[in-house]
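K.L.:
Chains as they are written, first to last, in this note's numbering: chain D, 1 to 318; chain Y, 1001 to 1414; chain G, 2001 to 2428.
Fair warning: there could be bad hints in the mix.
Unchecked claim - Some chain D residues close to chain Y (C-beta under 10 Å, calculated; not the full set):
id	residue
1	Asp10
2	Val13
3	Thr14
4	Leu17
5	Phe137
6	Phe143
7	Gly182
8	Met217
9	Leu221
10	Gln251
11	Thr252
12	Ala256
13	Ala261
14	Leu292
Because the hints were derived from the structure by calculation, they are not lab data. The C-beta atom is built at its ideal place from N, Cα and C for all residues, glycine as well.
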Amino acid sequence: MALFLVNVLDGFVTGLLLFMLCSGLTLIFSMMGVLNFAHASFYMLGAYFAYQISLVTGFWSGLLIAPLIVGIIGALIERYGLRRVHKYGHVPELIFTFGLALLIEEAVQFFWGKSQLPFSEPAALDFAAFAIAGNAFPAYKVFMIAVAMGIFLTLLYILTKTRIGMTIQAALSYPETVQNLGHNVPLVFMCVFGVGTAMAGLAGVIAGPVLGVFPGMALQLGSIVFVTIVIGGLGSLWGALVASLIIGWLQTFATAYDVTAEQILTAIGFTKPEMIWDHPLQDLWTLTLPQLGPILPYLLMIIVLVLRPQGLMGNRES
Amino acid sequence: MNKFNLMMASALAAGLVAGVAAAQEKIRIAFIDPLSGPFATTGTQGLAIYRHSVKELVNEPGALLNGQAEFEMVPFDNKISAKESLIQLQVAMDQGIRIIAQGASSGVANALTEAVAKHNRRNPDDPVIFLNHSAVDPALTNDKCQFWHFRFDANADIKMDALTDDIAANPDIKKVYVIGQDYSFGKAVAAAAQRFLKEKRPDIEIVGNELHPIGKVKDFTPYARKIVGSGADAVITGNWGGDMVGLGKAVMGAGFDKPIYTYYGATSGITAAFGEEGDGIVKLVGAGQVNPAPTPEAQEFIEAFYVNFPDLDFGQPQMANVAPMLAAAINEVGNATDIKAIAYALEGMEYDSIVTGKTVMRESDHQTIQTVTVQGQTPGAAFEYDKSGRGMVAETVVELASNDSATTCEMKRP
Amino acid sequence: MTIVSKTPLTAGTTRLISLSNTIPWAFAALFLLCLPFVFQTSSALTIMNQMAITIVFALSYNMLLGQGGMLSFGHAVYMGLGGFFAIHVMNMVEDGLWLPLPLLPLIGGLFGLIFAFLIGSFSTRRAGTVFAMISLGVGELIAACSVIIVVFFGGEEGISGDRTMGPPVFGYEFLTQQEVYYLTVVWLLVAALLMYLFSRTPIGRIANAVRDNEERAEFLGYSQRNVRWISFCASGFFAGVAGSLFAINFEILTEENLNLATSGSILLITFIGGAGFFVGPIIGAVVFTLLQTVLGLHTELWALYLGILFVACVMFFPSGFAGLIAMHRRPFALGKLKLLIKPYVKVAIPAITSVLSLAAILEILFHKRHGYGGDHEMHLYGIAFDSGGYQAVALAAIIAAISLFLVSRVLPEIRDAWDNANHAEDRA
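Take these sequences, add in the hints, and give me the full structure.
P.N.:
As structure tokens, then:
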């Protein structure tokens, strides 16, 4: 029971972290119709910049400055890259961001090398907040929860309660009308892209000390981020939150419990072959739930797409 | 398009011809390991150790054919891919190189040893020799052994033998958790851990034995929770690269402060990532030793390494043995062209290494028997890793480790 | 909406096979058959074989992207599965099954087709983002399975085989790279021809129609889903053929053949080559293979250059290399191609210099940062120098600046010449 509680908390942290990435991605998608394949690369850039800044001035200034730099880079890429490609259509846009992801990974290796960097949580948060049955829960994770919740509430407030939010939502549905009303739609797009990537950068700063800062960190998260927003429904903030939490818990609980295929198969009456090695069904017998953990989100996505292509909470198809 | 194709292809051919023409009278060793991509650090570090040992132990002392010849390392980037490795092997052979060195990843080593065996079967007059400096899947010198493959590292079983010696000597350890990556090497580590612990300390309970997907786990926290929850007194893992960092940090972060026995829990950014938290906790089993330097020659050799390569670590001591042992075999044969005779000369060779003590290339399976040590992460070690101010210091030393271990190898000799 | 222009090849009213489109094929065949007399080293043959396999794979991918407008992030699945089945059959041949090696690609193709049929049954229901995301999910799923289902995929080390164990074909046992080259090339020609003919058939035409406007095609009475499904199956077949050719060449298949990186690079190849043209993927495959293998021998930064090339390609010439070449069709038809030669040569010299010097800056900086410590001696373009100080970088930067300036000076001239060459009447 104690372990169950710990896992609920861990899954919550994983889910919220995923949400920080997904919220920016889904925001960009709902505004511009662009699936930004390089989104996780901006997350990586955030972590690397924060590491570099932390060498000079410490963690906290990195937390503020790194997302800002990432956001500016994102806005510039939108202005001089994406906008150019936009006129060719959606597929080239997608391919552009795909190429960008490759390029950023190579550039990061060019500047910082290929090893993992020693980026650790600030000393002020380097203690165990509490422990459940010997399992320590780091204060840093409490901090992560607080930041993620803060972002969600701020976004929700801006999008639904402020003038800017209204303009953004209007620009999304009726770009021409909004333009005619005197709003600068391209500028709005640029800002949204900048803010979205800055949020990815912030996620990178926060995740860096926990998940590690290395050139493969974008690739490791790249596709799962897509899976999450597709499951949640493209363009839906609530959907992103729900899907992130589902995936966070799904992965945590799948790895936490050692359910094996052997237990299930013997329970329904099969007997395990004597010589399990070299048996054609060996893999079926030796399968465990933790092994399946990483592929569950993909399975879930395919099922969702086949049964409900607009996603759990989306209201339109791509 | 065909003209374009032709143009490009002729440019390529011109390059190849130029490459062949530029070949020198040196004895060249093809070093096929990842030099770009996520595992580039491993390859770069290995290449540096080779270059250093070639220079200090063979070329400068004139130890090859009475100083008449020199070794030259020719690097080939295999991007840690089996397919690329086979292409690079082909390119190396076309350049006239018949000595192949590789080590990063047992998967690649398996592909290369098969390719080399096939080539030698199809071209019996023009064989190639494969020197494996760090791929430790036991199968390579057991079921999959072949005459042209020589392993200079201690295999996973030998390392586990030494590692469990250390555990057996520690009465505080009653429960052990074994965790590894889900592939041949991870499985070999798990099987060896079970076998040796049962044999040496039947009272030790293995409270967890699991495999996780390789390179796919983003957050190791749930595994760490299970480990802490199981009440284990020690963890054994064969993880490497990002999986090692992730597991180590998560386990220590969850409040685990007992020994974590690893195969690859140091250098390449890992020691720096663990930092102070890992001191006294992270253990590593490996061939030879770095801290303290086992011989005065080793002291000098490693010091010179850090002067020449200040950005890299002297990570895998046994790699420094390959060049001098190969030189001894070539000296015995008298030339570097009769690859078959060189292979026979390597078989059963005894060598006094400056870093791995008395070292024997076992005839029955081409597995090197040497000193294996269990090392602990210690602050202030003489030779540090990752410029972190800490390094791995030998705690348990086993000479000629697993000398009498059994092998299933049935060597077919040409 | 789509990246592809209308198919530039002649319209479907011409007969499927005519003299005018037989000649290029005959020429290609002759050329490929003669190539081994020029390049005899087995590594050159290996690289050419790899190129041929990539071409088949890229062409099959373009049946989806270029002809059908389906963006797939998991095409490696069909090549990989075809290859794995082929290598298992190869191992069965070793155990006594009678099957001549040249027929093996049929087996791989068949399994590629079967899996494309199964997966296509639900993934082709919709095009666009939904299709792309399902392909990504399926790709990740199968790649992850490859380490779980060890019996079939061999786990991390993969499955290997020996191609020489089958019955000899006309006395050939496929021991040498050259024999394998001919086998590969024959299959390349057959597969490319079949894919070309497929694009000429009514179903290939309708695929284009569905790509350009789903609804209109639907109103004309074609089920857009079925059209996509059929293209998808055909594409899966040829991907499987490519996988079998891989199995024959490398005699090993691993997880790498299935993963996202392979799927991503085939997208990259097809796009750089030009998805709107039948020859596009062929150009892309040749360029990519050369960059990867030949450039990879000379610099650690090859992937960085490839990334830059790819992004630049999407930004500045989204119709790919083939599109660049096709742009010259009109000047050629007007007989004015020669007008462009002089300005092209004029820009080529500073342009190449600037690319080389920019690359030099990157190489020197990289060497400074990550080269062997203490050892700052560096060789670049045949020159040995010290990368430690800032002189080398400064020199390269100056050269780059000057040559870029020269390029910008020549550009108006090119623009004029281009306008001129594209108009029937002279406007000098």
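K.L.:
Starting from the hint list further up, note which numbers the structure goes against and sort them upward.
P.N.:
Hints 6, 7 and 13 not satisfied by this model.
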